[in-house]
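Visitor: In order, the protein sequence lines correspond to chains A and B.
Take 441 as the starting number for the first sequence in the numbering used here and just add one per residue.
Take 72 as the starting number for the second sequence in the numbering used here and just add one per residue.
No lab work stands behind these hints: they were computed from the structure.
Here the structure is a predicted model, which is why all the values come from computation and not from measurement.
Hints are supplied without guarantee of correctness; some may be wrong.
Short derived list, chain A residues pointing at chain B, Cβ under 10 Å [what the hints assert, rightly or not]: (1) N488; (2) P490; (3) T845; (4) K854; (5) T863.
Idealized CB from N, CA, C, for every residue including glycine.
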Amino acid sequence: MSKYTEDDLKKELETKEYEYGFYTDIEADKFPVGLNEDIVRAISKKKNEPEWMTEWRLEAFRVWESMIEPDWANVNYPKPNFQDISYYSAPKQKPQLESLDQVDPELLKTFEKLGISIDEQKRLSNVAVDIVMDSVSVATTFKKTLGEKGIIFCPISEAIQEHPELVKKYIGTVVPTTDNFYAALNSAVFSDGSFCYIPKGVKCPMELSTYFRINEGGTGQFERTLVVADKGSYVSYLEGCTAPARDENQLHAAVVELIALDDAEIKYSTVQNWFPGDKDGKGGVFNFVTKRGICETNAKISWTQVETGSAVTWKYPSCILKGNNSVGEFYSIAVTNNFQQADTGTKMVHLGKNTKSTIISKGISAGKSQNSYRGLVQVNSRAENARNFSQCDSLLMGNDCGAHTFPYIEAKNKSAQIEHEATTSKIGEDQLFYCNQRGIDTDKAIALIVNGFSKEVLNKLPMEFAVEAQKLLEISLEGSVG
Amino acid sequence: MELKEKLVASFLAFENKVSVDTDSNVHDIRSNAFDHFEQHGFPSKKDEEWKYTSLKSILKHDYNVFPEGESAIEFATVKKYFLHEIDSYKIVFIDGVYSSFLSETSHDGYDICLLSAALKQPKYKTVVDHFFNTIAAKKSSITSLNTAFSKEGAYIHIPKSTVVPKPIQIIHFSTGNEAELLLQPRNLIVVGENSHVQIIERHQSLSGNVVLTNSVTEIFANKNSIIDYYKIQNDEKSASLIDNTYVQQKQHSHVSVNTFSFGGNLTRNNLEFFQEGEYIDSTLNGISIIGDKQLVDNHTLVMHKHPNCESHELYKGIYFDKSTGVFNGKVIVEKEAQKTNAFQQNNNILIDDGATINAKPQLEIFADDVKCSHGCTIGQLDSDALFYMRSRGIPKKEANGLLLYAFANDALEKIKIPELKTRITKLIAKKLGVDLGFDL
Chain A
441 MSKYTEDDLK
451 KELETKEYEY
461 GFYTDIEADK
471 FPVGLNEDIV
481 RAISKKKNEP
491 EWMTEWRLEA
501 FRVWESMIEP
511 DWANVNYPKP
521 NFQDISYYSA
531 PKQKPQLESL
541 DQVDPELLKT
551 FEKLGISIDE
561 QKRLSNVAVD
571 IVMDSVSVAT
581 TFKKTLGEKG
591 IIFCPISEAI
601 QEHPELVKKY
611 IGTVVPTTDN
621 FYAALNSAVF
631 SDGSFCYIPK
641 GVKCPMELST
651 YFRINEGGTG
661 QFERTLVVAD
671 KGSYVSYLEG
681 CTAPARDENQ
691 LHAAVVELIA
701 LDDAEIKYST
711 VQNWFPGDKD
721 GKGGVFNFVT
731 KRGICETNAK
741 ISWTQVETGS
751 AVTWKYPSCI
761 LKGNNSVGEF
771 YSIAVTNNFQ
781 QADTGTKMVH
791 LGKNTKSTII
801 SKGISAGKSQ
811 NSYRGLVQVN
821 SRAENARNFS
831 QCDSLLMGND
841 CGAHTFPYIE
851 AKNKSAQIEH
861 EATTSKIGED
871 QLFYCNQRGI
881 DTDKAIALIV
891 NGFSKEVLNK
901 LPMEFAVEAQ
911 KLLEISLEGS
921 VG
Chain B
72 MELKEKLVAS
82 FLAFENKVSV
92 DTDSNVHDIR
102 SNAFDHFEQH
112 GFPSKKDEEW
122 KYTSLKSILK
132 HDYNVFPEGE
142 SAIEFATVKK
152 YFLHEIDSYK
162 IVFIDGVYSS
172 FLSETSHDGY
182 DICLLSAALK
192 QPKYKTVVDH
202 FFNTIAAKKS
212 SITSLNTAFS
222 KEGAYIHIPK
232 STVVPKPIQI
242 IHFSTGNEAE
252 LLLQPRNLIV
262 VGENSHVQII
272 ERHQSLSGNV
282 VLTNSVTEIF
292 ANKNSIIDYY
302 KIQNDEKSAS
312 LIDNTYVQQK
322 QHSHVSVNTF
332 SFGGNLTRNN
342 LEFFQEGEYI
352 DSTLNGISII
362 GDKQLVDNHT
372 LVMHKHPNCE
382 SHELYKGIYF
392 DKSTGVFNGK
402 VIVEKEAQKT
412 NAFQQNNNIL
422 IDDGATINAK
432 PQLEIFADDV
442 KCSHGCTIGQ
452 LDSDALFYMR
462 SRGIPKKEAN
472 GLLLYAFAND
482 ALEKIKIPEL
492 KTRITKLIAK
502 KLGVDLGFDL
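Okay, chain A solo, but in the shape it has when bound (with noise of 0.2 Å):
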């Protein structure tokens, strides 16, 4: 038998098509490109919005209309054409559905190949998911055991329609319309996403779930997530997302905010693998995120996020530490591959006394790829004795590709005690010669140290995620060791 080269591997893997590369082909309902205050309209009233909602909208477009689109970020793209894009896109079917067989037999067979089989799910791992295909919910499975606690778990859509007055208390209070470029953007376009609320004291039963997925080609994603935790609840929210193959890049712009108040406790979950582009970087997805969680006295955020696809992500999930006692975590693997670029960070706003802050990024670049850590821990003058902690360590795999750091750490209180610490390395040549010398083969062996360097933001991730991660993580990287 001939010997299996690192080469091959290499050829291999550029060669390797992406597996969840695949196009959904139902008839979609969709608006004619371009954005204006009518489209901001049409969008509103085809969701039947109240007329708050549809103010609100307008008043988030004509800011957006005055802002410019950032530049800051360590990344090159060319600059979306925002009057190219349709900005909104459903199912024309609308099932109103109680159970899976109602479900249009082509969706299952996506979340077939998808490897995330519904009823499996169902079954097996106990995990209520709000499926959002291009923007509508179609499915909504163990509502009625949320239900019983209390708990609101539906699309935001719904949520408008059925608790207006949570949704108006809550919305753009974490971020607000006029806070960046992307979202404003959101604000004035979100077509749908998630609303969950956990009231008083509920601990959530179960790990709530979603998986986004962009399918119609040529429309831009903007979902709106709101999740509020009452005094004293806990949940724990899983995002995933894959998508299809597209040539011309996709954007994707969404909103998540967090609300923990009084001794509530949030842990927010993201896989994200969007289609990064193929080998020679062309197409792949822009994942323009402005993700940020309020805590209010004794609460917590955790934020654990996989990234490993989209051909552009810019992200700092965020936690504003607003109550004493308060505590924000943020976990993160950032992996890069081919052209990918991922600039990617937390913010850690501690106002409060006694606030505690863990940040762990882990980064890792293969390829031609750029992967930027970017960080602001920050203490304000009446945060007393308020405590971070940040690692940032970042895995080359060749050399064509680059690491960065840039970690902002504004103190303006004497008993703040911060530590910030980053390396830079490669797999060791010493430490793929053990495994070698053990019979694991080299590709192998670079998962295992992978898998290693990325443990202590794995361990983080519910059971579910934890296997696909993992899955994920092996696809993304296998062989591209230099």
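Since the structure of chain A is provided, determine the placement of chain B on it from the hints.
Guide: Using the frame of chain A, we list chain B on its own:
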């Protein structure tokens, strides 16, 4: 009138005056730099590099741009600012004008003299043409401003295989004859193969009048050379300093720059290292101890361009009262620079409420076989250590002082001139308000 307009208006007059006796090459350099400055102006907080440091308050003064009058100072009154315990070469300027009385220069085997002389005399032309404004060009508008008005400063040229037996002190005094004074000294230091030199630089105001110094130093270290550079910044509270130092190193050279910032209103240090060869070692050390409403901003850049090089960076800061510390350490490792070892550390202690630290340690790495790390901490003194000392009869103030001294000591250890080390130790003790009870 805005300072920028004033500078722009006076440039022509300046050029006419100095260009008579310099050749056209320098004239072109000045004009180009002037254009660059005119185009970009002074940096504002909108510039990423000046995000945490505002020049607004120091630019509003009506500075005298061309101090002319030569003032004499008695050596006795300024003796304490010299490192007088040991023999040394001295290049002294008073209000921007060279003071032959206080200086001790040399042309014996090496040139330790004035930039104005070097720009004029043909025998220095090859060196000046080859090095002057080569690494400082177009770096920043502040540097360009200095270049445009550059005429005086230290010129040090050490030929190959020479060890300068005693340190060189470059001291700038401002007397307060002018109510508000802008100084723009320009230093050029060229060290040949296998040579070694030690340099101490100091800016000192002798009155409470407002002084702004915008200094640019270019340092060229040839193969196997060793340069130790010490900057002592312990000025009056009315004096501000923008120091721009650019270092270019050739293979196997070792350059260390040590910055001690203990005073001044606003101190901004731009320190940039460019490595142009293999097996280079660059060392950057700094200690900042400030109080009141002072600000010290250390901006460093180390550019690794070739394989097998090292850089070591260590900055310690202690901040009292309402002072502000800024640290921005940038390390760039280019694709070719394999086997680079780059270490960066920044430790800070905030003593009082109201003190602020803004740190941004930054790594940009394009090569895979490297070891790069940075660490940044902000914290307090260990209460256990403090308790231990107090339980053994050391008063709180002294215990505090000793611990702070120990905190800064890592960076202090790197000083290679014993007398200077003693001097700095005493300065630190004074700054911390304690008698350490021992001399080092």
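Visitor: Next, verify each hint and record whether it holds.
Guide: Evaluation of the provided hints:
no. : hint : result
1   : N488 : violated (44 Å)
2   : P490 : violated (41 Å)
3   : T845 : holds (5 Å)
4   : K854 : holds (4 Å)
5   : T863 : holds (5 Å)
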